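Protein chains in written order, with my numbering: chain A, 1 to 578; chain B, 1 to 313; chain C, 1 to 493; chain D, 1 to 251.
Take these hints with a grain of salt, some might be off.
[To be verified] Computed, partial: chain A to chain B, Cβ under 7 Å:
1) 11
2) 327
3) 352
4) 356
5) 358
6) 435
7) 437
8) 440
No wet-lab data here; the hints were simulated from the structure. Owing to the predicted nature of the structure, the values given are computational and were not obtained by experimental measurement. All C-beta atoms, glycine included, are put in the ideal place defined by N, C-alpha and C.
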Amino acid sequence: MPSLQFSFLIDRLSAFFILLVSVVSVAVAIYSVHYVEHGTHDGRKNLIVSFMNIFIASMVLVIASSTMFSFLFFWEIMALSSFLLVMTDFEKKETGKAGMFYFVMTQLSTVFLLFAFLFIYNATGTFDIQQIRASPLVTSVAFVFLFVGFGIKAGIIPFHKWLPYAHPASPSNISALMSGVMIKVAVYGLVRFVLLMPMELWWGILILVAGTVSAILGVIYALKEHDIKRLLAYHSIENIGIILIGFGLYVIFALSGLQAVATLALIGALFHTLNHAIFKSLLFMTSGSLVNATETRNIEDMGGLIKRMPYTALLFLVGAVSISALPPFNGFVSELMIFQAFFQSAFLGNPALEMLLIASLAVFALTSALAAACFVKAFGITFLALPRSEEAKKAKESPKLMLIGPAILASLCVALGVFSFQIFGILGFSFPIPNMLLIGSLLTGLFVFAWLGLRTTAMKKERIAETWGCGITSQNSKMEYTASGFSEPIVTILKSIFRTQKKSERTYFDNEKVIFKSGKAEIHLMKFFEERLYLPVANFVRKVSLIVNNLQRGDVDLHVAYAFATIVVFLLIIWWFA
Amino acid sequence: MNITLLLYGLLNVLFVLFASPLFISLIKKVKAYAQKRKGPPLLQTYYNLAKLMKKETIYSENASWIMRITPLVNIAALLVASLFVPLIVIPQPTDLVGNVILFLYLLALAKFFMALSGLDAGSTFGGMGSSREMAISALIEPVIIVVFAALAFAFKTINIPDMFREALTSNVLVNPVLILISTSIFIVIIVESSRVPVDNPETHLELTMIHEAMILEQSGKNLAMMELSNAMKQLLLMGILINILFPWGLTTEFTATSILISVGAFLIKAVIVAVIIGLFESSCAKSRLFRLPGLFGLALFLSIVTLIIEVFA
Amino acid sequence: MTLSLITILSLYAIIGLAIILLVIFSKSHRVINLLSIVLPASYIALALYTLASDVLPNYLLGGNYFFMDHLGIYEVLISGVLFLLAALYAKSYIERSMEIGEMSRNNLKLFYVAFNLLLIVITYAFFSNNLALFWILAELTTAFSAVLVVILNAPKNIGATLKYVFITSTCMLFSFIGLILIFTLTQSSLGAGTLNWSTLMLVASTLSPGILFASFVFTFVGFAAKSGIVPFHAWLPSAHSKAPAPVSAILSGSITSVGIYGIIRMYAVVAQTSELPKISFFLIAFGLISMVVAALTMLNQVNLKKLIGYSTIENMGFLLVGLGLGTPVAVFWTLFYTLAHAFTKASLFFSAGILHHQFESVRMDHIKDAFKLQPFASWTLILGAIAIIGMPTSAIFLPKISILLQSASVSPFLLFGLLIIFLFATVAFGLFLIKMFSKRSEDGSQELKRFNAPVSMKLPIIILLVAVFVLGVFFPQQLNDLLKTIVGELGIR
Amino acid sequence: MIIAPFQSIAQILIVLILAAAAIIIVKRDISSLVKTYAAQSLLLSLMAALLFVETGSIPLLFLAIIIFVSKTIIIPTFMTHILKKLNIKRDVEFHFLSPMKSLFASVIIIVFVYVSFSRLLAELNFFNSSLFFLGATIGISIVFMGMIVIFTRKQTITNVVGYLTMENGVVLFSLFLTELPLLVEVLIAVDLIMITLLATILAFGIDSTIEEFHNRLNPFQNTRKLSTNETSHDDFLRVQSFLENPNKEDK
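So that you can see chain A by itself, here it is in the shape it has in the complex:
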C-alpha cells in the first residue's frame, strides 16, 4: 500500500545520469541569468527561474529514486513543471497548440508508465525497482508499456509530435533543458528497467528498429525545417534514435553472448546520451541567443551573423561539428563506438539478425551523413554570407553570461572527444577505439604546420575584393542560396518520404501555350504523422464525446426517461438474480 515514503538509491548508472543533468543544468543556469532578462516576460521571470529549479530537482530525484512510486511521483512533478515552463508565453497561439500537444502526450506517457508500474507491483508485491522478479509474460507486458511510456517522453517516432511543437514555443533555456536533459531521463528509465528485467531478444529488435526509424525520419524531417529551434528538435529525435540503436544493439549482443561488444554498444549509447545532452543544449542556447538577436526563428531571415556575433558563431560551430559526428569531437566518438559494435555483427551467427543489423547500419550511416548536411545548412545559412533581413543586419553579440554558459559545454564537447580514450581507461573500460588525443593533436599540429608552411613558402599577398558573382552588379542577399534551395536536392530525392506535393499552374498569352504569361508553383510538405495518426485519433475522440454530449442535451423529460429505462433494466436484473 503506497505511502509517501521515498527511498533513493544511486548506483553508477544513476550517478552517471545525475552527472549529466547537473553539468547541463549548470551551464543553462549561467546562460539563463541574462537570457531571462531579455525576454519580455513581465513578472514571469521569477516564475521561470523557480519552476526551472523545481524541474531540475525533480529530474535528479527521478533518476535517484529506487522505488517505482517515488519515480512516478517525481516524474509527474517533472512533467508538470516542464509543462508550466513550456506555457511561459501562454498568450501566443502556437504556445497554446504546443502546450496542448505536450500536455496530452505527457499525460499519455504517464498512463502507460503507471499501468506498467502497478502491473509489476501487482505481480511482485513491491515497488522496489531492484526487486522486479516476475514471470516472462508479466515482464514482457510491462516492457511494452514502459517502452511506449518512455518512448513518448523521449520522443521516438511515432510518439514524437510534441517535441517539434514544444521546443520552439518554450524559452530557449527551457528547450535546452528539455531537449538536453528531460528526454534523457526517459532514456534512463528505459535503460534502468530493461537492465533489471530478464531481457528477451525481441525487445532488442524492437528497440533497434524503433531507434533506426526515429533516427532516419528525425533527420529527414529536420532537413526541411527552417525554424532553427524546430530543426534542433527534430535532431533530438534523431539522436534519441541513435541512442536507442546503441541500446538495442546491447540487448541483442548481450543475449547472443557477445559480452564485449554488448558493453561497447551500451557504453556507446550512454556516452552518446551524455554527448547529445551537451551539444544539444549548447545548440539550443546559442540558437536562443540568435533568436534574441534577430527576433526571428526562421533561418531564411538570418545570415551573415558570423561577423556580428563571432563568439556565438564559434560556439554554434563547435556544436554543429559535434552533432555531425566529426572527429575529434565527442559526437564522433560515441557514434564510432556504435559503428564498431555494428561491424562486429558478423559474429552473431544468426543470418536473419545479421541482415537486420546490416540494414539498420546502412540507415544509420545515411542518418549521420544527412545530419552533417543539415548542419552545413543550419550553420551556413544562419551565419555565413550576407544578412538576409534588417534584423539580422542589426544583430548584436549577446551578453557575456550568455556566452559563458554555452562555452562551458563547448569546451566539454572538445574535451570529451579528445580525451575519450583516456576517460574510458580511467573508468576501466578498454575498448578498441582510436586514441583521439593522438588524432586531435595530429590534426592541430598539421594544421599549424600547414599554416606555417604556407606562410613561409607561398605568396603572402592577400586582397579583399569582390569576387565574381555571375556578372551581377553588386552582391546582395537575394542572390544567395536559400535554406530551402540548399535542402531541395535531398527533399526531391526523398520526396516519397516527405510526401511532397508540387503544384504549379501557368497561364499563356496564346492558345498553343508557348508564350508564358504568368504562373505560380508551390511545394507542400505533408505532416504525415499529424495528418494520418494524431488528428484522426483526436477527431474520433471528439466525435464520440460530441455524441455523448448530445445524448445529455435535453430537458427533464429525457432524463427521467433515461432513469425509467435504467430502472426497468434493474427489474430485469432482479428478476434474473432472484
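Given the coordinates of chain A, assemble chains B, C and D onto it according to the supplied hints.
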C-alpha cells in the same frame, strides 16, 4: 609508438603528398587520348600547384574566417587520413591509426568545411555546389559504410592496415565477392573524387559542376591546398581498392629493397586503376543529379549482396 | 463533565434553530453572514468534542432513530468545514451578486435560512440510524438546496432546479420502495420489522440474499441520483453551473456525499451476505459508466462550472469503483478520497466564482485575459485543477494511486480503463485551461474593469488549497486512526 | 383469515386506483388531472381505512387520516390555487409516447413487475393471500405509470401530478407489504407536501416573471420593506433580455 611506426607514417604521408597529383593529370591524359587530343603533360598538376602557390590570394568581402581555415583543415585532415592507408609498407599492428570509420569521418570533416566555405562567400555557385555535394555525399554514405562493413566482415577487423595484411596473407576475397566489392569501391571512388558521371571536374558549367563550384571562391595558395587535398583523397581511395584486391608487392618489413619494390608495384597498379577510371569517365556522360540515386542504389545493392554472400557463406 | 450524546444531538438542533431565528430577525447582511459562520463552527466544535470525549458508536432513542458513529462524525466534519468556508465566502459573493442584480435583495434572508437549514438537515441525515429517517432527511436536503439553486434571478435557474427536484425525488421514491422491502424482509424473518443500520448490520447475514440484493438495487437508484451517478446525473451539471459559487461548492461537496453515505451504509449491510460479489460488480459497473460518460462529456465543455460539475460526476464514479473493490484498503482510501475531493472541488468552485463575478459568466468565450485581471483566481484555479487531476503532492494523488492499485488486483483491463478515463478527464481540464487562459481581449474591449475580490473571498480558497496540498504530503495519524475505525465499524473484511 | 367481502372490496379499490392512474396518463385537461389525483388519494385512504377495519391496527387509521388530509385536501387545493394563477389550462403535448402507447407500456410494465416480483416476494413467507400480492404489484406498477406521466408530459404542473401519482403507488405498495412506524409516515407526508409546494412554485415560475415568482417563493417578503420595485424592475428587464436572446447565457 616506436620508431618504425614513425618512419612508416612519414614515408606514407610523403608518398601520398607527392604522388597524388600525378594521377590527376594522368586521368586527364587518358581522357584526352580517348578524345583524340594530346592532353596536358603528366606533371601538369604539379605545375598548377606551383603556380597557384605563387599567386596572390583573394577573399570576397562577404567571406569570413571559415574561408581562411577551410584549406588548412582540409589539408590537415587529409594528411592525417593518409596515415591510415598504408600504400607501400604495412606497419606492425597498432590501434593508434587505421580505424576505417575514423578514416571515413576525417574525409567527412574535410568535406564539411569545404561545404561551409562554399556557402561563405554568399555567391550562388558556392551554395549550389555545397548543397549538391552534401546531398551526394549523404547518399553515398550508406554505400561506403556497407562496403567497409563487408570488408570488416570478410577480414574480421576494422583496421585498414590489418585488412591489407589479411588480404596479403590469405586472399579471402575469391570471386564473385571480389567483383562485387571492387565495383562498389570503384563507384565510391568515382563519387568521392567527383568525376563523371557524378560530377565533371573539367567544365565550369553551372549545370554540371559540383566540387568545382564549391571551391570557386578559393584562390592562390588556398586553391592549391584544396586541389592537393582532393588529389590525396583520390589516391587514398584508389590505394584502398588496390591493396585490398591485389595486394601483391605490398611489403611489411622496412628494408630498402622491399620498399622500392612495393613502390614500383603500387605505382604500376595505381596507373592501371587510373587508366581504368579515365576510360570509364570518357565512356559515359554526366548524368542528371536526380539520376544519381540510381547509381548509388546499384552500388548499395552490390555491397549488400556481398554482405549476404559473406553472411550466408 | 461530559455532555451525554443526547444533549449533544439536541444541541445541534437548538443551536441551529436559534441561529435561524436570529437570521430571520436580524437586519444587516454582515450579522446574518456572521451567524451563518457561527453555526458550522459550532457544529465542527461539537463534532470534535464528540470525537474526543465519548466512545462511539453510540445509539440514541433506544437506537431507533438516531445514532452517532465515526462515519457520521467524519461526514459531518467535512460538511461543517465546507459550510463554514462557504459562508465566509458567500458574504462578498452574494453582496456582489445583489449589486449587479443577479439576485434580488429580498431573497437575502431566504438564502441564509435555507443555507442553515440545509446544514442542519444534512447533519441529522448523517446521524440518522433509521433508513427511513435518512431517506426523509435526504429528500429535505433536496428541497433546501433546490431553494439555494433557484435563488438567482434567471429562468435558467428555475429550469435547472426543476431538473434537480424531479430527477432526485423521482429516483428517491424507488429507494423508498427498496427500504419498504427491507422492512418487510426483516419483519418476515425477525418478526419485528426494522430499518436501523445498527440492527441490519447484525442480522444481515440471516436475511434472504435475493430480496436484500433487490432492495439494495432499489435504494441504490435514489442515492445514486443524489450523488449524481450516471444515468441519474443530469441535474448535477446544470445545478452546479447555475447556482451561486458557494452553493455549488456545497452541492458537490456535501449533497453528493449524502448519497454516497447512503450507498456506503447499504453496501456495508449487504457486504455481510453472500451477495457481496454481485453488488461489487454492480457498483464497479456503474462507477465505470459514470466515469466514462463524465470524462467524455468534459472533453468539449465551454462552461467552466459545468466542467467542474462533470468532474464531480467522474469522481463520484471513481468513489463507487473504490467502494466496489471492497477491500479494507480500498474503502479506507475511498473515504479519504471523499474528503480530498470535497475540499478540492470547493476551492475550484470558489475560484470559478471570482472569475464569474469578473466576467459575469464562466463561459470560455466570455473570459479574456484572465491572468491580467484576476491573477489570484487564475492561479488558484490552476492549482485546484492540478489537485483534482491527482498530480503529486495533492491529496487526491495517494488515494487515486492506491485505489488504482487495488483495481489492478481485480483485472489489468479495469486498471487500464480507469487510467484512460483519467487521461480523458485530465486532458479535458488541461485543454480547457490552456484555451481559457490563452484568450486575449482585442483592443476594443479594454474597458472591462477589475473586480477585486476581498480577503473574505480569497481566504477560503487559500485555506482549502493549503489543506489539500498539506494532506497530500502529510497524513495525520488521527485521521488515519479515524478512517481505520470507520472501516472497522463498517465491517469491511 | 380474510373473508370474501373484504377481498372483493379491496380488489375493487385497487382496480379503481389503477384506473385513476391510467386516467392521469391520458387526460389533457390539467384541472381534471388534479381532480383525478385527489380521487385516487381518496381511494387510497379508503384502502387504508379498509385495512384498518380488517386488521384493526391503529397506525393504519392514522395513515388513512394523514393521506386524506394531505393528499385529498391540502395538495389539491394548493394546486388548484396555483392553476388559477397560471395561464395554461391544458397540457396537450406528449413526448416519446402517445397516451395509447403509454397505456400499452403500462400494461406491459404491470405484467413485467408481476413476473419479476413473483419470484422475489415468494420468499416473504407471510404472503398467504393473492390480494396482498396484487396490491403490491399494482403499487409498483403505479409508480412506473407515474414516471411515464412525468416523462411523457411537457407541462411541469403535469409532471408534479405524475410525481404525486408515483408517491401514491409507493404508499399502496407499502400498505400491502407492511406498516411503517407512524412518525415515519407523518414525516413522509410533510416531506411530500414540501416537495410538492416547491415543485409547484417552480412550475409557476417557469411561465411567469421572475418578480412574481420570487414573491411567491420568498416567505420573508414583508419582514423588511425594501425598494422592491426598482430592483424587481431591472430584474424584469434582465429577464426580458434573457427571453430575447436566450443563448446569451449557456444552454
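Now for the hints, and whether the structure bears them out:
1. 11: Violated, because the Cβ-Cβ distance from residue 11(A) to chain B comes to roughly 31 Å (cut-off 7 Å).
2. 327: Status holds, d = 5 Å.
3. 352: 9 Å, violated
4. 356: 11 Å, violated
5. 358: With a closest approach of 5 Å, the residue 358(A) hint holds.
6. 435: 6 Å, holds
7. 437: Check failed: Cβ of residue 437(A) comes no nearer than 10 Å to chain B, outside 7 Å.
8. 440: Violated, because the Cβ-Cβ distance from residue 440(A) to chain B comes to roughly 10 Å (cut-off 7 Å).
Comparing the model with each numbered hint stated earlier shows that hints 1, 3, 4, 7 and 8 do not hold.
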